[in-house]
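Novice: Residue numbers (this note's numbering), protein chains in the order written: chain A, 490 to 825; chain B, 490 to 825; chain C, 490 to 825; chain D, 490 to 825.
Hint data in this document are derived by calculation from the structure and do not stem from the laboratory. Don't take each hint at face value.
What the hints assert, rightly or not - Listed below are the simulated SDA-like cross-link pairs for lysine to any residue, each with C-alpha atoms no more than 25 Å apart in a straight line:
id	chain 1	residue 1	chain 2	residue 2
1	A	K626	B	D621
2	C	K626	D	H715
3	C	K626	D	D700
There are 4 protein chains.
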Amino acid sequence: MNPLKFETTRPLDIIAIGRLCIDLNANEINRPMEETNTFTKYVGGSPANIAIGSARLGQKTGFIGKVADDQMGRFITGYLEKNSIDTKGITVDRTGAVTGLAFTEIKSPSECSILMYRDNVADLKLHPKEVDEEYIKQSKVLLVSGTALAKSPSREAVFLALEYAVKHKVTVIFDLDYRPYTWVDEAETAVYYNLAAEKCDVIIGTREEFDMMEKLLNIEESDDRHTASRWFSYRAELVVIKHGGSGSIAYTKDGMSHRSGIFPTNVLKTFGAGDSYASAFIYGLMKGKEVSEAMKMGSASASIVISRHSCSDAMPTEEELLNHMETAYYELAQHG
Amino acid sequence: MNPLKFETTRPLDIIAIGRLCIDLNANEINRPMEETNTFTKYVGGSPANIAIGSARLGQKTGFIGKVADDQMGRFITGYLEKNSIDTKGITVDRTGAVTGLAFTEIKSPSECSILMYRDNVADLKLHPKEVDEEYIKQSKVLLVSGTALAKSPSREAVFLALEYAVKHKVTVIFDLDYRPYTWVDEAETAVYYNLAAEKCDVIIGTREEFDMMEKLLNIEESDDRHTASRWFSYRAELVVIKHGGSGSIAYTKDGMSHRSGIFPTNVLKTFGAGDSYASAFIYGLMKGKEVSEAMKMGSASASIVISRHSCSDAMPTEEELLNHMETAYYELAQHG
Amino acid sequence: MNPLKFETTRPLDIIAIGRLCIDLNANEINRPMEETNTFTKYVGGSPANIAIGSARLGQKTGFIGKVADDQMGRFITGYLEKNSIDTKGITVDRTGAVTGLAFTEIKSPSECSILMYRDNVADLKLHPKEVDEEYIKQSKVLLVSGTALAKSPSREAVFLALEYAVKHKVTVIFDLDYRPYTWVDEAETAVYYNLAAEKCDVIIGTREEFDMMEKLLNIEESDDRHTASRWFSYRAELVVIKHGGSGSIAYTKDGMSHRSGIFPTNVLKTFGAGDSYASAFIYGLMKGKEVSEAMKMGSASASIVISRHSCSDAMPTEEELLNHMETAYYELAQHG
Amino acid sequence: MNPLKFETTRPLDIIAIGRLCIDLNANEINRPMEETNTFTKYVGGSPANIAIGSARLGQKTGFIGKVADDQMGRFITGYLEKNSIDTKGITVDRTGAVTGLAFTEIKSPSECSILMYRDNVADLKLHPKEVDEEYIKQSKVLLVSGTALAKSPSREAVFLALEYAVKHKVTVIFDLDYRPYTWVDEAETAVYYNLAAEKCDVIIGTREEFDMMEKLLNIEESDDRHTASRWFSYRAELVVIKHGGSGSIAYTKDGMSHRSGIFPTNVLKTFGAGDSYASAFIYGLMKGKEVSEAMKMGSASASIVISRHSCSDAMPTEEELLNHMETAYYELAQHG
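Throw the hints in and build the complete structure from the sequences for me.
Specialist: Shown next, in the form of C-alpha cells:
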C-alpha cells in the first residue's frame, strides 16, 4: 500500500497536460549528426510519452494540449488515438504555430544529445480557456510536466488545470522535466516550479532540478529529506528524487524513504528513461502497490525503453512489463 | 483592536513593491485633453502613492522597484527621498527602458480619464535577483500592488518577494489595483491574481476586481461574504471589498463585517482616492485601531486627496489627517 | 533662378510625409529636467514642423501620416487643420499605438537635450496601403524626413510614396533628419538612407549624416563636393550640406556651390532650427529665388524660431519672415 | 551570343547570397506526410541549390550566407565544401538561431507541398557587416534570391551586396523566388523586390511574381513585354518570365524575345525545377551561348532534377547535362 488515495469512480485514470511534439531519431547511430542521413519520425514530448506509456499499460488515458494545424499535428493526434488515448482535450492552433521538433543524436549509448526546434511551437499556445473543468474532474490523476510552464499562455493553462484538479480532488503528479531552452532564466523557472509544486500530491525530479528550485530561495545545501519535507508542508504525499546512475529515492509524508534499483540492459540511448519510469511508476501506485514495488516497475519499463530506438513507440504493454520484471535481473542501486 | 499582528521589532513599518511612474496632470481642468496646454509633473503609480501617503503619516517606509536611467527616473528617486522613503531597494534599469507616464484628463469631477504610456517601462523590468530577502525581513508590512504582476520579470520578482515575506512573517497587504493595459487578457490576469492572493494577509479590491478573479474559476455570482471566505481558507485575515459610491465593506476571519462611510468634500478629481484610502487604512491597522476606525481614517485621507490636484503630492500628514477627522462631517455609506 | 522645375499646375505646393508627434517643452528653463515642474504641449516631429512652417508662409500644404486614436492624436490633427494644412492623407491607428513624445530639457541655450518616447508609436505604423497615388500626384513637392524610414511599415510607405512621386514628376526633397533611437544600427540606417536618396531631387543633411551614409560604402574621407557629385549621378539637382556653426553649403548639378550665413539672435534653444530653415528654404526655391537667397530665407526663419519657446507654434508667417529679413543683420558664415 | 558581358578576369564565376537550409524529403512518396515515417536530409534553399548546380557544372562558385552553430549548420558548410564551393563568405550565427527546415510531402508528382520551419533561422541573420566588398568584386556574377530580402538584417545585407556589385561591375542575376512565409504582407514584399530589381542585370521570375511586384504600383494588367520594358529602363539586359507548364519567355533589351521548351521526363516531384533551370541557364549565358540555347540547357537540367529524389544532390554535372541534351527529346513549349 502507498499513501495515495485516488478517486476510484472516475472514468479516466490519468490525464496528461502539456507538450506534444515530434522526435526525429537518427537512423544511423554511434556517430555525430553531421554524418547521419535519415531520420525516423515519432511522437515525443515528456507528457506525451508518459501518456502513451500509461495507455500501453492499460490505463484509461486522456490528454490536454495543443497541436499545429499541419501534417505533424495531425500525425500526433492520430498516433495518440491509435494508442487509445482520448484526444478530446487537444485543440488545434490557428495562428500558424509549428510542431516542436527534437532531432536526436546518438554518438554513443552515453553521449546522446538533442537539437530542439522550440520557436513558435503550438504546444505552448494552449490557453486557459481551452482547459475544461468538467474534463479534469473526470480523471483520477492529472500529470503535469514542467516544460508546459515555460511560456504564456501554456503556463497559465497549467495553473488553471492545477486549480481545477485541487478543487475536484484529482491527484496531481508533477514531473519536473526542466529543460533550459524556452525558459528565460533560472529565477523565472524556479518561481513557477515552486508555485506549481505547492499544488501537487506527487513530485518527481532530479536532484539538480530540486536544487534549481531551492537556489532561488537562498537554500544552499542539497538535502533530500529537507527537500521532501518542504513539500510535505504544502500538499505533497510523495516526493521522488532521482540521482542518475545512483538510483532514485522516494520520501513519503510519514517519514519513510524508499530506494529503487535498476534492471541492467544493453543501452541503445538514454532518452525516454524518465518518461517510461514515470508511466510505470504511476501505474504501480494506482494499482495500490507499495512505493518500492512501483519504483521497481518504473525501472523495468525504463530498461525496456532505453534498449530500443524510440521513446514513445517503445513503451511496453502491461504484459511485456510484467514479463520483464519476472525474467530480468534487478539490482538495487547504491546511494550516497 | 483588529485581527492583524505585526512583527513590532522590525526597523521598517512598510515596504511597497511595484510601479513607480510619472503623472502628468493637466493644469486646465474641466475640459477634454485635446484642449489642455500645460501639465504638471508628479510622482505616480499606486504603490508609490501609498508609500508617499504612508511616509507622510510618519510610517518608516521603504520601496522595492526599478526606475529608468533618465531625468524622469532620477526625479522619482529624488522625490521619494525628500519624503523620507528609503530607496535602497530601488534599482536603475540599464536596458533603455522608459518611465511609465499617466496623462490625466479631468473633464468634470466625475469624468476623469487617463492616457497611459506603458510600453517598455522600467518598473516592469524589476528582476527577482533584485529582490533582497534580508531587506524584506526588516519590515513589518509588504504592500503589493497588482499592476506589478502584469509582465515578466516584475511578475516573478513579486512572487519571490511574497515567498520571502511569508517565510519571515512579514504581513502582506495586496491592493488589487487591476488595470487592463499591459495585461494580455483576463484569464492571464486572474491566474496570477489568484496565485498571489493565496499568500496575502490582507486583500483590498473592488467588487469588479474580485469578480474578474472568480470568473476564471467558473464562480458565477458575486457574493462578498463568499469571496472573503475563499481567501480565509488560504492565509487572509482581512478582506476589503469596495463598492464605489456605496462604500466599502471589510470582512474578518472571525465572521465579522465592517462598513466604511465617506467624508463629503468638493471633488476636484477621483484619481488617488484608492491610494490615499489604503495608506491611511494601513496606518490605522498598524496603530492597532479597530477595523471600522481604520476605514474611517482611509476615508478621511481620500476626501483630502480628491479635493486636490495631484495624487502623491496631495497626501496628508498625520496632523492634517487627524485634524480633518475631527473637523469634517463623516457620513456612513449605504450599502445594498 | 535655381535649377529646380516644379509642376506649376498642381493644387498643392507641398506634401510632407512622416512623423507627427508631441513636444512637451519644459516651462522652467536653464535647469535640468529633474528640477522642472510643468510642460507645455506642442505639435512636433520634423516633417510636421516643416509642414506648419510651410503653411504659415502661405504654401498650400498637405500631410501623409498616422496618428494615435487618442487625445494626443486628435490634438495633432486639429492643430494642423487650424494651420490650414490638408489632413486628408492622415489616417488613425486602430492597434493601440501611442503618440510619440519628446520632452525637451533646456539646461542652457547651448545645452539642450530631448527625452524621447518612441516605443509603439502611431507614426511608424503608416502602411503602404495608406499612401494614395492620386493624392501625391496633386502636389508640386514631396517632403520626406528620414525618421519615417526607421521602421516597417512606415519605411515601406515612404518608399512607395517615392515611387509615386518619381512617376508623377513630383519634386522630392529629402531632409535626412537622422535620429539614432528607433534605428537598430548604423548599417541598417545607411542602407535605407542611400536607397531613398537615389530617388530625390534635393537632399538636405548635416556633414555627419552624409558621413554615416558613406561609411557603409567604405568611403573614408568627408568631401562635400564628392558627396554632392555622388547624388548628382542619381536624380539630385541640389545637395545641401550643413556644418553646424560654420553654416551650410549648397551644391548644384552645374558644379556651382552656395554658402549661407546667419541672422544673429538671442538663442533660447537650438531645437527647431533645421525645420524652420527647411520650410523657408523650400519656400524660397518654390518662389524661384536664387539658391543663396533661398538659403538666406532659411536662416532668417531659423533665427526667429530659436529665439522662441516652441518649434512648431513659433514658425513665422510670410510677413514676419520678410520683415525680419529686411530689419535684421545678416552675417555670411565662414566655412573651412 | 547573348547581351551579357562578364568581367572575364575574375577568379570566381558566381557568388550566390542568401538562404542555406535543410530539406527533409519523405522517403515514402505518393502519400500524405501524416503517413510517412522516414526522411532523408539534404542541403536546400534556392540559392544553395543554384550554387551546388553551378559547381557541378564546373563553375567556380562561392557563397555569402549564415548558418546555425549546430550540427545542421556544420552539415551544410561541409556539403558545400565537398562540392568545391568556396565557403569563405559563410559566417556562423552566435545568437542561438536555428537552421531553416523544409519537410517535403509528395502526394503525387503534381501534388507536392512543403512544411517550412522559418522562425528564428540563421540565414536571415546575415548582417551587412558580414558582406565583404573585396570578396564580391572577385566574382563575375552575383546571384540574389528574393527570400533573403524577407527580414532584417539579411535584407540590408543583400542591398549592400547589390551596391558593391553595381560599383564593381559584377553582373547581378535576381531569382525572384517569392515565398510568402516570413514576409509580413504583399506590399512589403513588393517594395523591396522592386528596389532590388532596379539594381539587377538579369531578372528571372514567374508571371505571378512579377504581378505581385506590379500590383503595388497600381499596374493592373499582366503584360510580359511591358514588364520587361519597365526593368530595361533601369539596369536590366535580360528578363525571364516563367509561365509554368506553358514554358518561359526571355526578353532582351534589344526588343527580342526567346521561348524555351521542355525535355519530357518521368516526374518524381516538381521541387528543384526552378533552381536547376537557373544554374544551367546561367552556365549557358556565361559560356556565351545564345539566350535560347541557354534556356534549353536550363530545361535539360530541370528535367534531370525533377526525376530524382532531392533538389541539391540531384544536380547534374556538365557531362550529364550535355549527354542529356544530346540524347533526350526536346519539345518547344506552346505559349499563349
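Novice: Of the numbered hints stated previously, which ones are contradicted by the structure, given in increasing order?
Specialist: Number 1 only.
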